[in-house]
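Number of protein chains: 4
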Amino acid sequence: MKIGIIGLGYWGPNLIRNFNERIEIEKIVGCDLNDDRLRLMKMKFPSINVTDNYKNLLNSDLDAIIIATPVASHYAIAREALLAGKHIWVEKPFTSKSDQAYDLIEIANSKGLNIFVDHTFIYTDAIKKIKEIIDKGELGDIIYFDSVRVNLGLFQQDVNVTWDLAPHDLSIMNYLLKDYRVAAVKADGIATYYNHENIAHISVYFENEACFAHFHVNWTSPVKIRKTIIAGTKKMLIYDDMENSEKIKVYDCGVEFFKNEGRNNARIQYRVGDMYSPKILQTEALAVAAKEFIDSINEKRKPLTNGKEGLGVVRILEAAEKSIKDRGKLVELEPEMKQLKLFVK
Amino acid sequence: MKIGIIGLGYWGPNLIRNFNERIEIEKIVGCDLNDDRLRLMKMKFPSINVTDNYKNLLNSDLDAIIIATPVASHYAIAREALLAGKHIWVEKPFTSKSDQAYDLIEIANSKGLNIFVDHTFIYTDAIKKIKEIIDKGELGDIIYFDSVRVNLGLFQQDVNVTWDLAPHDLSIMNYLLKDYRVAAVKADGIATYYNHENIAHISVYFENEACFAHFHVNWTSPVKIRKTIIAGTKKMLIYDDMENSEKIKVYDCGVEFFKNEGRNNARIQYRVGDMYSPKILQTEALAVAAKEFIDSINEKRKPLTNGKEGLGVVRILEAAEKSIKDRGKLVELEPEMKQLKLFVK
Amino acid sequence: MKIGIIGLGYWGPNLIRNFNERIEIEKIVGCDLNDDRLRLMKMKFPSINVTDNYKNLLNSDLDAIIIATPVASHYAIAREALLAGKHIWVEKPFTSKSDQAYDLIEIANSKGLNIFVDHTFIYTDAIKKIKEIIDKGELGDIIYFDSVRVNLGLFQQDVNVTWDLAPHDLSIMNYLLKDYRVAAVKADGIATYYNHENIAHISVYFENEACFAHFHVNWTSPVKIRKTIIAGTKKMLIYDDMENSEKIKVYDCGVEFFKNEGRNNARIQYRVGDMYSPKILQTEALAVAAKEFIDSINEKRKPLTNGKEGLGVVRILEAAEKSIKDRGKLVELEPEMKQLKLFVK
Amino acid sequence: MKIGIIGLGYWGPNLIRNFNERIEIEKIVGCDLNDDRLRLMKMKFPSINVTDNYKNLLNSDLDAIIIATPVASHYAIAREALLAGKHIWVEKPFTSKSDQAYDLIEIANSKGLNIFVDHTFIYTDAIKKIKEIIDKGELGDIIYFDSVRVNLGLFQQDVNVTWDLAPHDLSIMNYLLKDYRVAAVKADGIATYYNHENIAHISVYFENEACFAHFHVNWTSPVKIRKTIIAGTKKMLIYDDMENSEKIKVYDCGVEFFKNEGRNNARIQYRVGDMYSPKILQTEALAVAAKEFIDSINEKRKPLTNGKEGLGVVRILEAAEKSIKDRGKLVELEPEMKQLKLFVK
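Protein chains in written order, with my numbering: chain L, 20 to 364; chain V, 20 to 364; chain B, 20 to 364; chain S, 20 to 364.
Everything labelled a hint here was simulated from the structure, so no lab data went into it.
Identical copies carry no separate label here, and so any pair may be met within one copy or between two of them.
Computed list of lysine-lysine pairs in DSBU-like fashion (alpha-carbon distance at most 30 Å, straight line):
1. K344 x K253
2. K61 x K74
3. K253 x K150
4. K148 x K298
5. K310 x K61
6. K150 x K116
7. K298 x K246
Modelling step: build the complete structure from the supplied sequences, incorporating the hints.
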């Protein structure tokens, strides 16, 4: 398989390194507008080819194109790549608007090409383990999903903190709570320094009203926190990505509520038991993602994080942006997703 | 000084013990409807008197009445006590409605009596230290106040999690950010088990729009978290009440934003320096509060956490409740507070 | 049951409070040389009697005497109390010398009286849980026991850090590893400020040479650490007493060693699996200890932490002291313990 | 500068990568007996040359040889390399015996060649910062140095845990406490599985008897701990290498001791103040070490971690080994170091 990588910024070297180490990859062509960046990549990875014109990648023998450019350019480049018959890998967030995502999905479907959206966290061993725990019903029904992802910097010039940090947590939520369809979104944002928000709180409501999700993303926190609580009716789980080991802790605790007949007040009982922390492998998520991308193309199947997953995240981001602009108004999601489902998979 | 304590539940023994150890207190009369509770208190504190009828406390030689009953009864009992000429100490939250708080404040003012609202955290050495740090301008202007107070249980039968847990953080915020007048409130709540919310997220907006506060309170978390981030333009601070030592950490970090003239994008620069953690004394906050209550009466001055502070918290709780019922609508606070200020102090 | 408490210093109020709350106790007489201390205790606990002459306790109707005086006086007072026909509770360490401990045990045995040594940690729910885990063989054979107990202060005037802090960990070790008989001791100590050591490292060797224990006790650490690792051939356990919850963590990890026949080097394999943290109850250990003391007298049986347990700790402390004085020489324990076993239980 | 690297095992890729990124390095030749290893390195770093015969490196135009082979072979290869006129970089520990270290130092001195011993930690920003703090007298006189470095695995086939892990901490101690000359060593070791110890406790005594050091190294701990306490008469410091940030904490605490004249006991007073944590840069230590190696050769000066530093660590390891074999006997160090000082620097 031959691949091209457009955009060799912060994430570029990681992409090159991981694809470089896959035996299926015969050729890598790197592309960036910045000549210094091209020279540096060529020095670090002498076996790759480089170019400063991405059109060269489209008119080529490459099988797939990796798009690691600023979000605003994802749609245009991705569309050209698909029309040129290339499978695509797009960095998160997939697109700036959900319409763009729908369009790309339809083109890819019609041409039998694969879209892979780089929701890297889905490929960590931690999230894989949490998925197993939830899917086998260990937590019971999910009551809430509460995520905090805060740190100091890096401010993005082109997007706000929601578009930068929330895709991680939204893609994790969508993956883990696949059956809890998102119905509405509400968000608050604060732009302390310039026109892009650096702090945001996002509330997500589901068709299943017994569940609720909340996200705090923030570029202006003195410490780095990446912590998610997933509470179920049977057990509760904490995923703390800043822990070196013991990233996941499963608590055998819960609340039981008894309606007391004949009395005017109910009885509530707490259950607190042992905690356990499953062993997590130290695999590099991007290596697993690269393998999934290659395998899905070779096996002619959709990858785990396909266009529809990318769209799922963009729809929420779009709604959150609308809500922030309207000082926190509730924004209901259009039900078009369901229609799409008919032909996507 | 002679005092009565009405309501000897969970907090009762702590109140008796702390007042019992004050040399100024000559007599304590405890009151509860539950006879077993009275017997137990009498056994633990043989020097106190007990009664099951609070009217006995009102028609007595007591100087002050401590009201530690369920919130719904605060107003009625407090009013009776004030009218009977007693100074009052009321557990948090002060009242169920802001109108009640206004009324009590006016009665107390007209009769020259003291209202003390038990915002206990204000009397911890940690909050005192943070107050000093903020007041001397070390943090610069406050950008945001973000608080998380979550744990498993104890569900209250009579109020939701907002009225139970948020008074702590709201009283801390009001105390620390005295000059940032609250303008509007927005809140989301989830009632998983019965009609009272067990999870809530509250956003607080100030007249000074450069600042923002957010509160997450939750009775259904597998772990206990009590963490507040206070970020300023100069430094940022974390107050983690679950730490045994190092409860406060002050980070010499920040963001600087430069508008680049002649260019179309700005430059943002991060500053990360040392952290320090001020020494905190291990005093019992309730002991300090008891002293302040006694001293304020003897010195004929308003205590630090007086009726107006209690009202400040109730106003926000009331607005949050309205917002929760209206699925997160923004609720603006009435500006009556300012009017009250004229005669309160 | 009527009891006397001699020595109302730091630990005194805790003793009074806990015995005061036991329904079996009809009368408590407190004794201290310091009149202010007596007055303070009488004020806090109006129901107790007080005296400044401990002889009054011996010639009385008291059933049992609690000795909470400096270590050097334990033996003399304990002996008098036993000869006066009283059961005794002695604070840790039991005595200053093992000969004294032997003597007290023999007197108590001959008179049918109980000796209780206040190894409080044995009565925590954490140690009880660890005991269960070890006794059911979950850890396999114990490889090592490594304990760190360090903090800043409180320097004792009369004993060094070994006699002050190590009794906690030695009593825990003796209790948990009952079958691993201590054979020899080695210790290093540093006296930074005056003639009593403030830092010590103690190594304990067992008759079973496959096991080993090490203790670091220190009055001059900037932070408080109380952490014990107990490693077995099957699993390993960490007991961190500074954790609010999750005090015990059991790691399903280990090392397997295979002698490779036909090759000149062996194969070593690591096993790392899940961790779990058993739920711990928040009981007050001293309350459990008080109950055990009372129950053991009423049931005419030896208490869990009896004279022999006290002796077991004193023998190690004595050997450690000898080793420190001899700059770390190995000190073998005399095998007299075995002889004693015949008649103690 | 042209360099050869002998031994491309665990640490090899890190060495190649770091030297590869130095602009001063024109040529790298890698050497290993294992052909698969050579192929893998050539694939990862296409620009290097490889050979399976280290003699090829000695008879070449290379300026310097990096020796990353098992400890037992360090001396023979280093000697050959020096005699062939090459500067050398030797992985820790420098040699298996101090005699070997003396010999290499003398050869290097006589031929004007540099010896660099890879005490990598010395090049971390954390240790650099601690060195500054100590050197400016902030801690006062050092009372003790207590280090714990424990984890699960990796057992070495050729050396015990002391030779594997302790060099890190001993090199840090020697670097930080340069003026506290080591006088004697005592060590205990436990070999649970085979003939090499997997647990060891090492005590180090100084000519200055007011200071003391202790090291706990262990391959059989369920968790990774890398924590050092350095206590001084003025302040105390904790270096926790497992912390992501806040690796260093400086505590403004201490003990003051007053001899009370006219009384028979002394007065001891504690001082506990603020803590601060200096900012640490996230530089890769090996990159700084590579720079120091190259610079020291170009500037014709001895590097920071030269042969004498390597010797200083080997002398303690050698003494510790002797002590372990003699069941913890105190082993005094020969004073030859002082003699060497005359001509080494």
